[in-house]
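Student: Protein chains in written order, with the working numbering: chain A, 1 to 357; chain B, 1001 to 1221.
Worth flagging that the hints you see were computed from the coordinates, not collected in a lab. Among the hints, a few may not be true.
Here are some chain B residues pointing at chain A (derived, C-beta under 10 Å) [unchecked claim]:
1. Leu1016
2. Gly1028
3. Thr1032
4. Pro1036
5. Leu1056
6. Asp1059
7. Gln1069
8. Phe1169
If you want the ones that stay clear, here's a sample from chain A, every Cβ over 10 Å from chain B, calculated [to be verified]:
9. Ile29
10. Arg161
11. Ala193
12. Arg215
13. Ser230
14. Ser270
15. Gly339
Predicted model, so just to flag it, every value in this text is computed and none were measured. Note that beta-carbon positions come from the ideal geometry of N, C-alpha and C, so glycine has one too.
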Amino acid sequence: MSKWMAAYKSDSILIALVSIVLGLLCGGIVLLIGGFNPIIAYQALFLKVFGSPYDFGETMRQITPIMLTGLAVAFAFRTGLFNIGVEGQFLMGMTGASIVGITLSLPWYIHAPLAVVVGALFGSLWAAIVGLLKATRGINEVIVCIMLNWVALFLSNNIIRTLLLEPGQQRSQNVAETASISIKGLLGFFDNARIHWGMPIAVLCVVFFYLYLSRTKQGYELRAIGHSPSAAEYAGMSVPYNMVKTMAISGMFAGLAGTFQVLGVFQYQSIVSSLPGYGFDGIAVALLGMNNPFGVFLSSILFGSLGFGSAGMSFETGAPQEVVRIVFGSIIFFVAAQGIVRALLIRMRIIPKKKVS
Amino acid sequence: MDGNGQTELVEAITGLRKVSSGKIMLNGRDITNGKPRQISNAGVSHIPEDRHKRGLVLDFSVTENMVLQSYFKPAFTRYGFLRRRAIDLHAEKLIAKFDVRTPTIYTNSRALSGGNQQKAIIAREVERNPELLIAAQPTRGLDVGAIEFIHGELLKQRDKRKGVLLISFELDEIMNLADRIIVLYEGQIVGEVYPNETNDQQLGLMMSGATVKLQEGEQNE
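Using the sequences and the accompanying hints, generate a full structural model.
Tutor: Given below as structure tokens:
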């Protein structure tokens, strides 16, 4: 049995459920104190997520990018690197996809895949810079990542402004119809929610992450380096080379996240004045998912649903966004602080004390 | 005595450290400044001084650690994918053969006792049938049973007419096992003696630099 099968055994599922319930309870108390009806609020949250095909589709739209950015952060973590530059790689992915999507004109079966590949490649290369600097010069990846985030922000703004600008607006032109990855056949079913091919691809990325890391020779090397660089060196693995490779793969996930936002959701890229935040959400998602691909899958669903559903909550109850944020935060808190919940359940003798083998 | 160049010598031989002068030959082949993997594939096995830092990936299972030096070989990797069945069988075989006590073959290496961790490393390194086995402090901190087992394995290698380079700070260990004793003092060889022609006092003098100061034994053939 692999480790994560064990990690997701009965105990863990129970703990996760209790955590969510506790978080909801805490959030409810906050709502009560604020003078809002928590039942109505949670009902609104639920309805906003599952209430209509449109909302359900839009929830998936919200989940997709953070699933990918979560994978990006988790992947780097597994090799012992902290990729805080997902933000920048995300922007570069958007830019790469925009450039191909807007400037080229090709038949759809080449255009869309090419735009996706170029977007992924942009993110990948942007992250590889970080890996390269760390591998060859020993520069701390966190600092390089943070600085490159800003470089990516202004670089992509500049590219849009000079090459792709829609006249009179703060955004690029629309990508060509042939580069769009919207799933047209499902638009009717989801009431025009922005469903796109990036969603199944994100799920494939989860599977790829798992297979690559735990079933391949290269994944074995990456994990060995993540756990113990000295032992990996002893075993003849090249630590610098694998650092670059890890960052490139991590950046690929981030780049894909950005790519899908352009090609699947907005069909254009805005000139933005601050970082979009998907990368930072990705850090939380990765930590919540314990850097495990299936954990990231689940935690991104939780994050995305709460994020999208909270809009419904403040609309229905009139609770200000701040209160909704507190509710949001308390749910995340309890899910993240699983140790507390575990200790509580052991004390209440609901789950047995863990035996030491 | 530690700090007289033993660690550096081992790192230089195994490719973990750059060699600035001199040559390292293995059965007539020059392996100076080879990559760690080239040297290991040329037939050098290495039981590292620090089993937690280098010898094992502690958060890997025993099974995964058993192929740390050979996971890339066709027996364990096909089309870039690990052959998990072959790897499991390999681990089971080694665990039985070298009597590694572990609850399951998937147990984290961290959970094993020091002796069993060391046995796992020795199993992995000896099984590769090396021309030269470098054993750095192979018995440090272990219980009597494990020590005896490890001494036995080292002697078996010698009896198979393979080279064994034993580095140890235990004089008794050296005197009992080595065929030739070479003493390093401040990075220099200060003497070479045979265990049956020497005693603790003479070794002690050599180790302290009265022409000698460290102990290290080498058995060749």
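Student: Does each hint fit the structure? Answer for all of them.
Tutor: Against the structure, the hints come out as follows:
1. Leu1016: Holds. Min distance 7 Å.
2. Gly1028: Given a least distance of 22 Å, the restraint on Gly1028/B is violated.
3. Thr1032: This interface hint is violated because 17 Å lies over the 10 Å limit.
4. Pro1036: 4 Å, holds
5. Leu1056: 6 Å, holds
6. Asp1059: 4 Å, holds
7. Gln1069: 6 Å, holds
8. Phe1169: Phe1169/B check fails; min Cβ-Cβ to chain A is 21 Å, beyond 10 Å.
9. Ile29: Per Cβ check, Ile29/A is outside 10 Å of chain B; nearest 40 Å; holds.
10. Arg161: About 43 Å separates Arg161/A from the closest Cβ of chain B, which puts it past 10 Å; holds.
11. Ala193: 38 Å, holds
12. Arg215: Nearest chain B Cβ is 6 Å from Arg215/A, so the label is violated.
13. Ser230: Non-interface label fails for Ser230/A: nearest chain B Cβ at 5 Å, not farther than 10 Å.
14. Ser270: 40 Å, holds
15. Gly339: 19 Å, holds
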